[in-house]
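Knowing the structure of chain A, use the given hints to seat chain B on it.
As a plain string of letters, each chain reads:
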Amino acid sequence: MSRILPYLLSGISVGGQYALISIGYTMVYGILRLINFAHGDIFTVAGLLMVYAAATMPLYISAPLVIILTIILGVLVEKVAYKPLRTAPRMSVMISAIGMSYLLQNTMWYLTGGLAKKYPTLPWISDKINVGGTTTSRVTLITPFLTVILVIFLVMLIKKTKIGMAMRAASRDFETAQLMGVKVDSVVSFTFIVGSGLAAVGSMLYFTNYATVTPVVGAMPGLKAFVAAVFGGIGSIPGAVIGGFIIGICESFIKGASWTTFSDAFTFGLLIVILGVKPTGLFGESLTEKV
Amino acid sequence: MLKIENLHVSYGGIRALRGISLEVPDGKIVTLIGANGAGKSTMLRTISGLVKAESGSIKWNDKELVGLSIDKVIASGIAMAPEGRRVFSDMTVLENLRMGAYLRNDKDGIEKDIQRVYELFPRLKERNWQLAGTLSGGEQQMLAVGRALTSRPQLIMLDEPSLGLAPLVVQDIFAIIREINKTGTTVLLIEQNANMALKTADLAYVLETGNITMSGTGAELLVNEKVKEAYLGKHKN
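Residue numbers (our numbering), protein chains in the order written: chain A, 10 to 300; chain B, 2 to 238.
Keep in mind the hints are simulated off the structure, nothing from the lab. Using N, Cα and C, we set each Cβ at its ideal position, and we do this for glycine too. Keep in mind that a hint or two might mislead.
Unchecked claim - Cut-off 27 Å, straight-line C-alpha distance, at most; resulting in silico cross-link-like pairs (DSSO-like, lysine-lysine): (1) Lys169/A to Lys73/B; (2) Lys192/A to Lys53/B; (3) Lys60/B to Lys192/A; (4) Lys169/A to Lys60/B; (5) Lys192/A to Lys64/B; (6) Lys127/A to Lys287/A; (7) Lys92/A to Lys192/A; (8) Lys88/A to Lys60/B; (9) Lys60/B to Lys171/A; (10) Lys168/A to Lys113/B; (11) Lys60/B to Lys168/A.
Unchecked claim - If the Cβ cut is set under 7 Å, some of the chain B residues that face chain A in the computed set are: (12) Asp72; (13) Ile75; (14) Met81; (15) Phe89.
Just chain A, same shape as in the assembly:
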C-alpha cells in the first residue's frame, strides 16, 4: 500500500486537472458540435497570465484575476473564430479552431520570446504535507476535492437553472431551442465562460507541480483532456470527469511501473481503441433517436 499510495494520489490529482480541462471540450462539443482545439492553448495562456500576475500581486487578487482574464479570452475566441461560422460547414469551423490554436501559441512565443517562464510558487497550495507516510504537496490533496465540488456545482447549475435548461435544450436541438426564445449566442457564450473558467482553475493546479511554463506546454495536457472527454463520451460532463480521473490514474501507475516512456502512448492508444470499439464513449449520447 505504501508503495502504491503516492502514485494513486498523484494519479487522482492529475486526473482531476485533466477533468477540469476536459469539461470545456465536452460542453462546447455538446452545444456547437465543435472540438475547440484552442482550448488547450487557452489553458496555457492561463498559466502564463499567472506568471505575470503572481509577480506583482498576492494570490487572492492574482487567482481571480487570471480566471476572469481567461474567461474573457475564451469568450473572445468564440466571438472571433466560431460565431461568424455558425451556419458554415463543420469542417470550416474545425479549421478555424486549429488556426486559433496556433494563433494563440505563436502569440505566446512572440510575447515570451520563446523562453520558459518560471511558474510562481503559490503559497499554501504548494506547501508540502504528509499523507499516510508519503510527502506530497497540498495541491495533490486539494485537486480531487475541488474538482468534485466544481463539477457538482456545474451539474446542479445545468439541472436546476434556466440557463442550464436552455443549454440542455440547445445541445439537443439548436433550432427548436431558438423557437422557445432561447438566444443561442448567450448560451454559447455561457458555455465558453464555464469551460475557460474551469481551464483556468485547472491550469493553476496543474502548473503548480511544474517549474516553468512554455507556449507549447499546455498542448499535451490539453490533448489528454480531449481524450478524457472522448473516453467519457463527448458531450457528457460526468463522462469527461470520470474519463479524466481514469486517464490520470492509469498514467500515474504506468509511470510508477517505470514505463514512463509509454504513458503518453497508453493514453493515445486508448483513444484509438475507444474510437474503434465504442465511439460514443462511456456515457455518450446514443446516436439513435426516436423520430
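For chain B alone, coordinates are given in the frame of chain A:
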C-alpha cells in the same frame, strides 16, 4: 392580425416563396394547404425568423417582423409547434413545457398555464415526469402543441400536426386545435391532410410551388372541384 405582403424567400438556392400575400385575422383558424415542397414550412419558418425573407413584409399587429431575431418574434406573442414535433427528448414532459415558457418571468402565470395544458391534454399530466423521448408519437405531438401554448401566444403556428399519426389521434388533435382557438388564440395551421384542415379552418389558402393559387373559407374550398381533385383525392364522376 398577421398580414403578409408580397413575401419572397429563397432557401438553399431554391425560390421557395414567390410573392405570397395572405392575412390571418385575429381569433380565426387559418390553414395553408399544399403538396410536399410547395413552401408551406418555409412560410412558417420565415414568420418565426428561422429563415430570412428576401423581400416583402410580415406585419404582426402593425409591427414589422422581417429582420427581427427569433426571440423577439416569439416575445411578440407568436409560438410555433415545428414539423416533426421536435420535443426535447431527454427532458421531462414538465421541463419541455417550462421551455415553452422560457421568455416569461411570471412564475405563477407559468404554473397556471402549465395546468391549463394538463387540462387540455390529461395524458401529459399522467406522464409529467417521463422523458419526452419515451412518449408515443401522438403524445409527443400533444407535448409540442402544449409547449407552444405555455408561452401564452396570441398566434400559434402548427406545422403538420397530423403527420404520421393514427386517424383517431388525428381527430383528437384537431378537436384540441378547435378548443385552443375557442379560448381566443389565433391558429395558423399547415397541413397535408387537406380534408381535416379545411373542415376545421375558417379561412384557407392553397399554396402551389411558392404561389397562392386559391383562397376562401374552409367550406368553400372543401367543395371546390380543383381542390377536391388535387388535394382531397376525390375524382370528378
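Now for the hints, and whether the structure bears them out:
no.: 1; hint: Lys169/A to Lys73/B; in the structure: holds (25 Å)
no.: 2; hint: Lys192/A to Lys53/B; in the structure: holds (17 Å)
no.: 3; hint: Lys60/B to Lys192/A; in the structure: holds (23 Å)
no.: 4; hint: Lys169/A to Lys60/B; in the structure: violated (37 Å)
no.: 5; hint: Lys192/A to Lys64/B; in the structure: holds (21 Å)
no.: 6; hint: Lys127/A to Lys287/A; in the structure: violated (41 Å)
no.: 7; hint: Lys92/A to Lys192/A; in the structure: holds (13 Å)
no.: 8; hint: Lys88/A to Lys60/B; in the structure: violated (32 Å)
no.: 9; hint: Lys60/B to Lys171/A; in the structure: violated (31 Å)
no.: 10; hint: Lys168/A to Lys113/B; in the structure: holds (22 Å)
no.: 11; hint: Lys60/B to Lys168/A; in the structure: violated (38 Å)
no.: 12; hint: Asp72; in the structure: holds (5 Å)
no.: 13; hint: Ile75; in the structure: holds (4 Å)
no.: 14; hint: Met81; in the structure: holds (5 Å)
no.: 15; hint: Phe89; in the structure: holds (5 Å)
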